[in-house]
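> Chains D and R, in that order, are what the protein sequence lines are. Under full-length UniProt numbering, the letters of the first sequence match residues 1 to 524, in that order. Under full-length UniProt numbering, the letters of the second sequence match residues 1 to 307, in that order.
To be clear, the hints were calculated from the coordinates, so they are not data collected in a lab. Computed from a prediction, not measured in an experiment: that's the story for all the values here. It is possible that some hints are incorrect.
Stated by the list, open to error - Stretch-level coverage of chain R by chain D, calculated; a stretch enters the list once three of its residues show a Cβ under 8 Å from a Cβ in chain D:
no. : stretch
1   : 207-213
2   : 221-227
3   : 289-302
What the hints assert, rightly or not - Chain D side only, calculated, beta carbon under 7 Å to chain R, not exhaustive:
no. : residue
4   : Leu53
5   : Leu54
6   : Leu98
7   : Ala114
8   : Gly117
From the three backbone atoms N, C-alpha and C, an ideal C-beta is built for every residue, glycine too.
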Amino acid sequence: MAPLLAIRGLTVAYGGRTVLHGLDLDIARGETVALVGESGSGKSQAALAVMGLLPERAAVSGSARFDGTELVGLPRPALDRIRGARIGMVFQEPMTALDPLFTVGHQIALPLRAHRGLTGRQAATRARELLRLVELRDAEARLTAYPHELSGGERQRVMIAMALACEPDLLIADEPTTALDVTVQARILALLNDLKQRLGMAMLFVSHDLRLVRRIAGRTAVMRAGRLVEVGPTERLFAAPAAPETRDLVAAEPAGRKAPPPPGSPVVLEARNVAVSYPGRGGRPWRPAPRRVAVAGIDLAVRAGETLGLVGESGSGKSSLGRALLRLEPSAGIVRFEDRDLTALSRAALRPLRRGFQPVFQDPHGSLSPRMSAGAIVTEGLRVHAPELGARERDARAAAAFAEVRLDPGTRHRPPHAFSGGQRQRIAIARAMILRPRLVVLDEPTSALDRTVQRDIVALLRDLQAAHGLAYVFISHDLAVVRALSDRVLVLRDGRAVEHGPVDTVLETPREDYTRALVAAATT
Amino acid sequence: MIPFVLRRLVQAIPTLFLVVTLSFFLIRLAPGGPFDLERPLAPAAMETLRRVYGLDQPLVVQYGRYLAALLRGDLGPSFSVRDLSVAELLARGLPVSMTLGALALVLALGLGVALGGLAAARRGGILDHAVMTLGTLGLTVPGFVVAPLLQIAFGLALGWLPVGGWEGGDPRHLVLPVITLALPQVAVIARLTRAALIEGAGLPHRRTLRALGLPPRVIALHALRGAALPVVSYLGPAAAGLLTGSVVVETVFGLPGVGRYFVDGALNRDYTLVMGTVVLIGVFVIVLNLLVDLATAAIDPRVRQAA
Numbered sequence: 001m002a003p004l005l006a007i008r009g010l011t012v013a014y015g016g017r018t019v020l021h022g023l024d025l026d027i028a029r030g031e032t033v034a035l036v037g038e039s040g041s042g043k044s045q046a047a048l049a050v051m052g053l054l055p056e057r058a059a060v061s062g063s064a065r066f067d068g069t070e071l072v073g074l075p076r077p078a079l080d081r082i083r084g085a086r087i088g089m090v091f092q093e094p095m096t097a098l099d100p101l102f103t104v105g106h107q108i109a110l111p112l113r114a115h116r117g118l119t120g121r122q123a124a125t126r127a128r129e130l131l132r133l134v135e136l137r138d139a140e141a142r143l144t145a146y147p148h149e150l151s152g153g154e155r156q157r158v159m160i161a162m163a164l165a166c167e168p169d170l171l172i173a174d175e176p177t178t179a180l181d182v183t184v185q186a187r188i189l190a191l192l193n194d195l196k197q198r199l200g201m202a203m204l205f206v207s208h209d210l211r212l213v214r215r216i217a218g219r220t221a222v223m224r225a226g227r228l229v230e231v232g233p234t235e236r237l238f239a240a241p242a243a244p245e246t247r248d249l250v251a252a253e254p255a256g257r258k259a260p261p262p263p264g265s266p267v268v269l270e271a272r273n274v275a276v277s278y279p280g281r282g283g284r285p286w287r288p289a290p291r292r293v294a295v296a297g298i299d300l301a302v303r304a305g306e307t308l309g310l311v312g313e314s315g316s317g318k319s320s321l322g323r324a325l326l327r328l329e330p331s332a333g334i335v336r337f338e339d340r341d342l343t344a345l346s347r348a349a350l351r352p353l354r355r356g357f358q359p360v361f362q363d364p365h366g367s368l369s370p371r372m373s374a375g376a377i378v379t380e381g382l383r384v385h386a387p388e389l390g391a392r393e394r395d396a397r398a399a400a401a402f403a404e405v406r407l408d409p410g411t412r413h414r415p416p417h418a419f420s421g422g423q424r425q426r427i428a429i430a431r432a433m434i435l436r437p438r439l440v441v442l443d444e445p446t447s448a449l450d451r452t453v454q455r456d457i458v459a460l461l462r463d464l465q466a467a468h469g470l471a472y473v474f475i476s477h478d479l480a481v482v483r484a485l486s487d488r489v490l491v492l493r494d495g496r497a498v499e500h501g502p503v504d505t506v507l508e509t510p511r512e513d514y515t516r517a518l519v520a521a522a523t524t
Numbered sequence: 001m002i003p004f005v006l007r008r009l010v011q012a013i014p015t016l017f018l019v020v021t022l023s024f025f026l027i028r029l030a031p032g033g034p035f036d037l038e039r040p041l042a043p044a045a046m047e048t049l050r051r052v053y054g055l056d057q058p059l060v061v062q063y064g065r066y067l068a069a070l071l072r073g074d075l076g077p078s079f080s081v082r083d084l085s086v087a088e089l090l091a092r093g094l095p096v097s098m099t100l101g102a103l104a105l106v107l108a109l110g111l112g113v114a115l116g117g118l119a120a121a122r123r124g125g126i127l128d129h130a131v132m133t134l135g136t137l138g139l140t141v142p143g144f145v146v147a148p149l150l151q152i153a154f155g156l157a158l159g160w161l162p163v164g165g166w167e168g169g170d171p172r173h174l175v176l177p178v179i180t181l182a183l184p185q186v187a188v189i190a191r192l193t194r195a196a197l198i199e200g201a202g203l204p205h206r207r208t209l210r211a212l213g214l215p216p217r218v219i220a221l222h223a224l225r226g227a228a229l230p231v232v233s234y235l236g237p238a239a240a241g242l243l244t245g246s247v248v249v250e251t252v253f254g255l256p257g258v259g260r261y262f263v264d265g266a267l268n269r270d271y272t273l274v275m276g277t278v279v280l281i282g283v284f285v286i287v288l289n290l291l292v293d294l295a296t297a298a299i300d301p302r303v304r305q306a307a
């Protein structure tokens, strides 16, 4: 039988730069094929090219035949009879993929009215059914809700409902769970699996995450640098990867364990009953709304050479706690760094001490000033904390810091955007390390990175910790990385500690249901 | 929504008070007075005039009296136009200025959005360049150049339209002043619309609409609603400026609007007339900004819930 979608020699170029080199891929009716690769591998370009969604300056050539119709170069009206009707698409960004100005009901009704010619009332009835199909709680009320009133997972369910509205033969899902919490990820994946079987549709599942793909796709195609390197049954790919690129991806799971801290190492950070709250919304000037509690009374201690992992879903308070420990956020309770109570100090009194405890943030794009060279960014802390150093000495230390995070010191005069995501995160780490801190608070430092890059950053962080006896507070939702880097774990939920103990005990034999859900979501 | 409007109106009181206070003292800091003519009046006559209008009192007393009168809605007598109160002057001029302003606003909005939409749809094309060039021209060439050119072309050379006068609001007399008033606003609105549409086209939720295979008509509706936000926030202050009259247009076309009062009042040190126009413009700005906020809330549900 002819495949539902037959891609032959699909090529995408911007100007003279080719980002997708002659992709060949078939998808049969009812089959799920995964397209896997790291950022820049061309996987999303392929999906967007099939849907005719690339910007106009993209030059698309080759062929993508859907059920006999050539999609490449198909005029807009003919293309619009296929996309949304026979091919549905789900995107990565649930926060921005829905129009914020229109209700959920209106948006789900759009494809029904356009392709099925339903009236407003008929479309509303069908929209209600669809929201039940994607298991959105309280479907009736959600029809009149706006996207910003829904959580990320709920928005992704709405997105799926829209894509499925006209019962397509093919669903293209471009990283549909990447922006979601692990526990939500698992539920969305289960939903997609279930819907695929019930509706008998085929699916092209685009992802950077091999582990995820294993749970959903019968066949997997691996891409790197715009080329298809291997395609085959998913289990075979895991068991016996043929291409070196596939082996690299399979081995990219953060592995290895951290050596325990030396016995008797001193406590560097101690926090007691730390609480963070934010002003509530609404209320009146004379009667303010109750404050929203983000962190409710956390106790913790970290020794030199030790890593404490802070784990929890988004909104669990882990980042607020991290900022409170760094004194970047007003908080109640006591935070002691070495022998000083930081909570009693003014901003000015705190400043000289800050050298000892440094942050590294998640976003390597947003946390580096685009107007400064990488070297200037790294040495900026020295200007404050070691003003006695001359320009030459500062530059020498920048070169040393670059070498320490395994970046070429010769590149330090370039601006941040000349570096890749992983290299930028190394710059952010160098900026912290150059001050020789005793404590580093790492807030999701690997979340924005590809798996193979993550693995290298984790190894770097472990080496730096061993070399300098650093204490780490490591904030992450990614249990695989937490396991590779932490001695102890503190599991947060709604600002409270639900579990706290050695990493093996907590992750192997979780006591709380919530921890079990997190572990299950990350390992199945 | 009603509590929101009431709260905003209450918040406007201190703003208006500050504007009135500042301008009250600033205009009196300017040298000269309302009765300083080229041929000085006899000291006795001057004394009488000052006493009649209360200018012989200490400044603080004058200020107190002005505020008290203002609270009763009394803007005081005009110093330069004898026998008429400021309120009467504004009541005569305001219909003229508001008619011109409202027409210019409608024209600018319709033409600006249409041109901006066309330019965005044909981005980088000839039409886009033409609109952007005209936009720059509309912004850079001042009204006192545009107005005489229009008068020469359509009034004198072609003889189609009158070059000035009001004539009780005869439509033919409105055409040239309205065009002069609207031109720079067309330019700004076209640019704002174009920029907002182009920015919006790159947003992820617009890609979603295309992925759903929706017809261009539906996508345009979503695009325009998104682009309306920056245009609406510009419209508030712009409308306040248009509706309260333009000195240039009213002078060049010889129209009896309120725009001239502000300048004439300031030149003649007609304190009450200046204060009257300041209060008028202040009230317009406050009310129109409130309308902008209400319109923004109507367009954007996130704003609605924050308010």
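> Hint by hint, note whether the structure agrees.
Going through the hints against the structure:
Coverage of a stretch by a chain is defined here by at least three residues with a beta carbon nearer than 8 Å to that chain's beta carbons; for the stretch 207-213 of chain R and chain D the count is 7, and the condition holds. Counting residues of the stretch 221-227 of chain R whose beta carbon lies closer than 8 Å to any beta carbon of chain D gives 3, which meets the minimum of three for the stated coverage. Under the rule that three or more residues need a Cβ within less than 8 Å of chain D, the assignment of the stretch 289-302 of chain R holds, with 4 such residues. Taken as an interface hint, D/Leu53 checks out: its beta carbon lies about 6 Å from the nearest beta carbon of chain R, inside 7 Å.
The criterion of a C-beta within 7 Å of any C-beta in chain R is not met by D/Leu54, whose closest approach is roughly 10 Å, and the hint is violated. A hinted interface residue such as D/Leu98 counts as satisfied when its beta carbon comes closer than 7 Å to some beta carbon of chain R; here the least separation is about 6 Å, so the hint holds. At a threshold of 7 Å, the smallest CB-CB gap from D/Ala114 to chain R is about 5 Å, leaving the interface hint in force. Residue-level restraint check for D/Gly117 is violated (minimum Cβ-Cβ distance to chain R is 12 Å; threshold 7 Å).
Going through the hint list in order, the structure does not satisfy hints 5 and 8.
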